[in-house]
Amino acid sequence: MSDNKISRRDFLKITAVGAAAVAGYSSIRPAIASGPTQAGPHQWVMVIDQSKCTGCEYCTMACRAHNDVPPDISWNEVFEVGELNGQKVFLPRPCMQCAEAPCVEVCPVAASYYRSDGIVMMDYDRCIGCRYCEVACPYGARSFNWKKFDGPNPAVPEWGQPEVARRPRGVPEKCAFCYQRIDRGLAAGLKPGIDPDATPACVVACPTGARIFGDINDPESNVSKLLKSTNTYRLREDLGTSPRVYYIAADPAKMKMEVSS
Amino acid sequence: MFSKIERLLFSLMVALVFAGVTLIIAQAKAQPAPVMQATPDNCGACHSDFMHSWQDGPHGQAFSDQVFQKTWADQGKPGACLVCHTTGYDPATGTWSQDGVACISCHNPIPANHPKDPMPVDKSTDLCGTCHSDTRFNWQDWKVSAHYQRNMTCVVCHDAHSAGLKNVDTKNTASSATTDDVSALCINCHQEYAMNFSYSAHHQQGLSCVDCHLLHIEKTTDGSTAHQIPDHSFTASLTTCNTCHENQMHGPTQPSVDSSAAETTTPAQSQSNPSMQFASVTPEPQPVSPLGFAGLAGLLGLAFGMVLSPWLERAYHIVIKKDKDKEEDEHE
Amino acid sequence: MKALRAKLPSLAFNWWLAWLVFLGLFLAGGLTAGILVFWKGLSLTNLTDLVPWGLWITIDLSSIALSAGAFSLCAGVYLIGLKRYEPVARTATFIGLTGYSMAMLSLLLDIGRPDRFWHAMVYWNKHSLLWEVTMCVCLYLTVLLFESMPIIANFEWLRKRFPKLTEKMSQVHHYAPYLAIAGLGLSCLHQSSLGAVYGVLKARPIWYKPGLSVLFMLSAIVGGIALTLFASMLASRLTPKARINDGLIERLSHFLGWLLMAYFYWRAWDTLAMTYTYQPGRTEGLHLLTSGPLAFNFWVGEMLLGIFLPMVLLLWQKTRLNPFWRMLALLMVAGGLVAYRWDTNLSGLLVVLSYMPGELGVGYTAYKPSLIEFVAGFGVISYGLLAFSLGVRYLRVVDHRFISKVHEPVEVQAVESVTA
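Protein chains in written order, with numbering that gives the first Met the number 0: chain A, 0 to 260; chain B, 0 to 331; chain C, 0 to 419.
I should point out that these hints are in silico values taken from the structure, not numbers from a laboratory. Just so you know, not all the hints are guaranteed correct.
Below are the PhoX-like pairs computed for lysine-lysine, each with C-alpha atoms no more than 20 Å apart in a straight line [claimed, not checked]: (1) Lys122/B / Lys142/B; (2) Lys224/A / Lys253/A; (3) Lys165/B / Lys122/B; (4) Lys146/A / Lys39/C; (5) Lys51/A / Lys253/A; (6) Lys39/C / Lys147/A; (7) Lys190/A / Lys115/B; (8) Lys253/A / Lys227/A; (9) Lys201/C / Lys125/C; (10) Lys87/A / Lys253/A; (11) Lys190/A / Lys224/A; (12) Lys190/A / Lys122/B.
Beyond 12 Å from chain A on every Cβ pair, some chain C residues (computed) [said to hold, decoys possible]: (13) Trp14; (14) Phe161; (15) Thr318.
Label pairs and their computed distance ranges (CB to CB) [claimed, not checked]: (16) Pro218/A / Ala91/B: 48 to 54 Å; (17) Lys146/A / Val82/B: 49 to 55 Å; (18) Asn137/B / Lys190/A: 36 to 42 Å; (19) Asn246/B / Lys190/A: 58 to 64 Å; (20) Asp149/A / Asp55/B: 20 to 26 Å; (21) Lys253/A / Ala72/B: 50 to 56 Å; (22) Asn137/B / Glu162/A: 38 to 44 Å; (23) Lys253/A / Asp89/B: 44 to 50 Å; (24) Leu214/B / Lys253/A: 29 to 35 Å; (25) His131/B / Glu162/A: 26 to 32 Å; (26) Ala187/A / Val82/B: 28 to 34 Å.
For glycine and all other residues, C-beta sits at the position ideal for the given N, C-alpha and C.
Turn these sequences into a full structure, and let the hints guide you.
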């Protein structure tokens, strides 16, 4: 070629090769994991009754033990949010498992994804540690592993034993509604929310029964009935994240400490 | 040379030998693997953490404990003791499967394909009560307590493996008190008392929750203290008060304690932003140092001055009207 | 020995050595810091769960933005037809290649799992802006590589060793218009998406606006062209190997002045618009920018020195024609771009919004990069400076006398036999 413009033939050749390359590459790369998923038969929801929460943080410690969470990270955090008639009011905050989760939208490698039962899962093997999900989460539910967690977990075995693999350094982690317990329980024919072995550890550990877990797709479940009968609220509804954790506001009448003997 | 028939017979014999050997080997493999005995050692092969905390505690040492062994031997080794101090005691034969309160006492029945199937656990008070409702324990006080009436089970406070109390030292919050006794566990749930009680006279005398609310009531049974439990009604009764204030019971109305030193105002807690309980979050932004800004601006001014100096100098000379010749020298 | 002494280079070469040693020191420091971070982890930085993005992300964003001269000048030259600016476009392309590789380096430092950096190319999330940025950056780096091949083919040593290869590499210049189209498309995508990476987050009200994409795009074009012009002028003053046509630079600076006016309007409007109502999180972020810890960086770094003063200097003919003032203005624009990226990142992260029921509470946190972050950051920057210096010295990156073969007059080619 001695002219400084390429011929039409060459242009077409290059375009064809380029298109073939793109098509070939697309066929070999793995399928995308994010995007709207088919909703499954169960949709797990958690209800937390603030009248019953005493702020004892049994939930945090059971979670730490069952999920092998480092001592300086809490998947479930308990906050003191106020006072009612001289008694403190607490608010435990697990991951909201949003139906429109900002973290799932922004992950560049789709390491955060929706499961068909509504749980927002983390693929710790895929995550590159860019921390975009951590920046995006309005609830601060994600914690990054800045350090490697070596050695024994102080919450084990008193509060439980680890049921999932420990996360490596360089990835963020968060509550996943103890999906491992749910899956194992369902396989064994148990009912999550009713049978302790199939229910998240925080729900089981709560000594006052402030946490309730169940399937909102089942109209007869504990959570469905509770949500129909009681006023509940969710955190930062204005953001449109559709969290799956509902709170029952503290009621002074229910918080009376005196007991009839 | 063998004839055809002979060859056939010989092959059949070889075939039989082959088949027989294969069958023997196959049958040996087809036999189910011997079921692992559900002993603490076998469970502990995977659950070593639980086994270690169990074997050092009262449940693990219920049989091997020296005091128990001596007392039991002194009484002629009655079988009634073994119902609780061993697992799987059979009164008819006088044998038992495991020493102490072993795993299967509470984890029963064991699923065939554990760990695929979760291990069941009975956390009910009835199970604890099979041993701990012995009449000597005087456990009925517990039914008076608010804990019982709010359906709290034994495992809310007690760790079944170590047979001790739950340890909340791993909590990082301010409410985890550092007390010598188990009062930290009480305060963990009843946090509203943590604040005010610290300023009370009782606390200043060195008392904590358990001194009044879990007091050992001396019950005279057979004189031994082996099967006594603290008062699980958690109510502080008149007897509790009289433990220290007996002299004031019917005495003149003079306080034994200087009340002016008691109830002081409790400090207010600033709880403006609870979800930001990190040490690094402050209610106000980092204070801006005017000196720092002034310094930076000064550096900038220096740079400006250096850059503008030729013009400034020129302007100076124009104003002063000195050395007009130097104007020509001043070029870029 | 005397013969050797006679061969010793002149004073200019010693400065070059000194510069190389200076850069080498920072490079070595950066390399050490990088190895430490790979080994010990990000706990060595001052990044926290509240401020997960800090100095390295700012360097990454700034490198990509300052490389925007490449696509804008190449688009101007090859697509709009302003052929006379081609030498400047060459410089810009090389700066682009350097800048994007700097961005990749600082990203490699910053992600928690550098060993998995390739995941974004294999595992896709089409909803994620950061994925789109990563893919576009990778593709655009390829485009830049192709666009830079004619420049690299100027390397004398390479020409002697592999004459046929360098010939082929030079011929890539034929495809410059198509590469420019690809570059323009990809750059428009990711330069604005970098702003949108912040702009789509509802959780941070000061970021949540569509204007952030436009601001990032505009500031990138402005800062990228400014850096290219500044680097060209500086190189020409430091070494005889770099020759510039001052007229070209002056024309482009004039254009830049007008662009700065547009950017000034946009940035001022963006800031002012945030004062209209109180919005939790956004107003506090603005407070940080205007009177808090970021105030100096915003008012002086971004607005006064970054936009206003250069705009005046470049639009006023007297100062624009003066090389010193022009260089100063261009450098300030580039600095202002870095200041803008730093301000955007931190104004969102330093404000901590509570999510508890009731009135939204606001708290503040602080961030100051640690020593390791500074050393590693300087290492990345010195790598960029080294690449540019080597380019000027050996690849004629800043050489406005250089006319590529493609643009030689037709008369020369008529002598050759015509082939099919």
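Status of the hints after comparison with the structure:
For the hint pairing Lys122/B with Lys142/B, the CA-to-CA distance comes to about 17 Å; that is within 20 Å, so the pair holds. Taking the CA atoms of Lys224/A and Lys253/A, the gap is near 19 Å; set against the 20 Å cutoff, the hint holds. For the hint pairing Lys165/B with Lys122/B, the CA-to-CA distance comes to about 15 Å; that is within 20 Å, so the pair holds. Proposed proximity of Lys146/A and Lys39/C is supported: the alpha carbons are some 8 Å apart, at most 20 Å.
Annotation: proposed proximity of Lys51/A to Lys253/A holds, straight-line Cα distance about 8 Å (limit 20 Å). For the suggested pair Lys39/C and Lys147/A, the alpha carbons sit about 9 Å apart, so the restraint of at most 20 Å is met. A hinted pair counts as satisfied when its Cα atoms are at most 20 Å apart, and Lys190/A with Lys115/B qualifies at roughly 16 Å. Simply put, Lys253/A and Lys227/A have alpha-carbon atoms about 19 Å apart, close enough for the 20 Å limit, and the pair holds.
For the given pair, Lys201/C sits about 19 Å from Lys125/C by alpha-carbon distance, which is consistent with the 20 Å threshold. The suggested pairing of Lys87/A with Lys253/A holds, with an alpha-carbon distance near 13 Å, which does not exceed 20 Å. Distance check on the hinted pair: Lys190/A and Lys224/A sit about 16 Å apart at the alpha-carbon level, within 20 Å; holds. Distance check on the hinted pair: Lys190/A and Lys122/B sit about 18 Å apart at the alpha-carbon level, within 20 Å; holds.
The beta carbon of Trp14/C is kept farther than 12 Å from every beta carbon of chain A, the shortest such distance being approximately 40 Å. Look at Phe161/C: its CB is around 20 Å from the nearest CB on chain A, clear of 12 Å, so calling it non-interface holds up. The claim that Thr318/C lies off the interface holds: its Cβ sits roughly 39 Å from the closest Cβ of chain A, which is beyond the 12 Å cut-off. The hint said 48 to 54 Å for the Cβ distance between Pro218/A and Ala91/B, and at roughly 52 Å that hint holds.
At about 50 Å, the CB distance of Lys146/A to Val82/B agrees with the hint of 49 to 55 Å. In this structure the supplied range 36 to 42 Å holds for Asn137/B paired with Lys190/A, their Cβ-Cβ distance being about 38 Å. At roughly 60 Å, the beta-carbon separation of Asn246/B and Lys190/A lies within the given 58 to 64 Å, and the hint holds. As the Cβ distance of Asp149/A to Asp55/B is approximately 24 Å, the hint placing it in 20 to 26 Å holds.
The supplied range of 50 to 56 Å is met by Lys253/A and Ala72/B, whose beta-carbon atoms lie about 54 Å from each other. At roughly 39 Å, the beta-carbon separation of Asn137/B and Glu162/A lies within the given 38 to 44 Å, and the hint holds. With their beta carbons about 49 Å apart, Lys253/A and Asp89/B fall inside the hinted range of 44 to 50 Å. For the hinted restraint 29 to 35 Å between Leu214/B and Lys253/A, the CB-CB distance of approximately 30 Å keeps it satisfied.
Evaluation of the 26 to 32 Å hint for His131/B and Glu162/A yields a pass: the beta carbon distance comes to about 29 Å. A hinted range of 28 to 34 Å for the beta carbons of Ala187/A and Val82/B is consistent with their spacing of about 32 Å.
Hint violations for this structure: none, all hints satisfied.
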